[in-house]
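Once you've looked at the hints, dock chain Y against the given chain W.
Order-wise, the sequence lines are chains W and Y. Here our numbering = 1-based position in the first sequence + 128. Here our numbering = 1-based position in the second sequence + 330.
Derived by calculation from the structure, the hints in this document are not laboratory data. For every residue, glycine included, the Cβ atom is placed at its ideal position computed from N, Cα and C. Hints should not be assumed to be uniformly reliable.
[Stated by the list, open to error] Selected chain Y positions facing chain W (Cβ under 7 Å, derived; list incomplete):
no.	residue
1	Tyr369
2	Glu372
3	Gly373
4	Leu374
5	Phe419
6	Gly432
7	Gly433
8	Gly434
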Amino acid sequence: EAGVAQSPRYKIIEKRQSVAFWCNPISGHATLYWYQQILGQGPKLLIQFQNNGVVDDSQLPKDRFSAERLKGVDSTLKIQPAKLEDSAVYLCASSTLGREWRNTIYFGEGSWLTVV
Amino acid sequence: GDSVTQMEGPVTLSEEAFLTINCTYTATGYPSLFWYVQYPGEGLQLLLKATKADDKGSNKGFEATYRKETTSFHLEKGSVQVSDSAVYFCALSESVNMLTFGGGTRLMVKP
Numbered sequence: 129e130a131g132v133a134q135s136p137r138y139k140i141i142e143k144r145q146s147v148a149f150w151c152n153p154i155s156g157h158a159t160l161y162w163y164q165q166i167l168g169q170g171p172k173l174l175i176q177f178q179n180n181g182v183v184d185d186s187q188l189p190k191d192r193f194s195a196e197r198l199k200g201v202d203s204t205l206k207i208q209p210a211k212l213e214d215s216a217v218y219l220c221a222s223s224t225l226g227r228e229w230r231n232t233i234y235f236g237e238g239s240w241l242t243v244v
Numbered sequence: 331g332d333s334v335t336q337m338e339g340p341v342t343l344s345e346e347a348f349l350t351i352n353c354t355y356t357a358t359g360y361p362s363l364f365w366y367v368q369y370p371g372e373g374l375q376l377l378l379k380a381t382k383a384d385d386k387g388s389n390k391g392f393e394a395t396y397r398k399e400t401t402s403f404h405l406e407k408g409s410v411q412v413s414d415s416a417v418y419f420c421a422l423s424e425s426v427n428m429l430t431f432g433g434g435t436r437l438m439v440k441p
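So here's chain W without its partners, still in its complex pose (with noise of 0.2 Å):
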């Protein structure tokens, strides 16, 4: 079974420039994260999606952070204009919804940004 994929995976700009980021989860998962993890910190949500819809977004700094996930599927998230704490593992995750999968989040290998 494929797991969950984002692209890409490394990535510098420079401060007040944007950028996006994609995430393929994995197929039949209902629900995708986007997490913010600073470097010697644990991941942190910016984001959860149920199918197509926001279920959380309380933590995502909306005046220049930004996510969608049409048709329920793959998602994007973008940062702009960045900031230099920015810098950080952008981990995409996703998971079924059911009982046997409760709380089972599997999470891709991350987009590593650099703002300079």
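Here is chain Y on its own, set in the frame of chain W:
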């Protein structure tokens, strides 16, 4: 709100040593508890989980017991290998599919 506290690393051990990584949590209800592992250059992988008090999760020689009375979920392994070198994250979930992570503990195992 919910929170997870892990022992700070790095933890450096010799091969075949006994491993304990402490994890305690704060939650308003009855969360599920998890350990995730992140090998160098790879994404987070679920290592083990426990969904109710006194449950023991186990996988690949690692185990952790859900202790409600001490709000803990310590990770243990009897004999570590060099290949266990990674960052280990303790996490909890109170609502369906929403994880709160600890800060991570780096484990380095020397041959």
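Consistency of the hints with the structure:
1. Tyr369: Violated - the Cβ of Tyr369(Y) stays beyond 7 Å from chain W, reaching only about 10 Å at its closest.
2. Glu372: 6 Å, holds
3. Gly373: Constraint on Gly373(Y) satisfied, holds at 4 Å.
4. Leu374: Nearest chain W Cβ about 4 Å off; hint holds.
5. Phe419: 6 Å, holds
6. Gly432: 5 Å, holds
7. Gly433: 5 Å, holds
8. Gly434: 5 Å, holds
Hint violations for this structure: number 1 only, all remaining hints satisfied.
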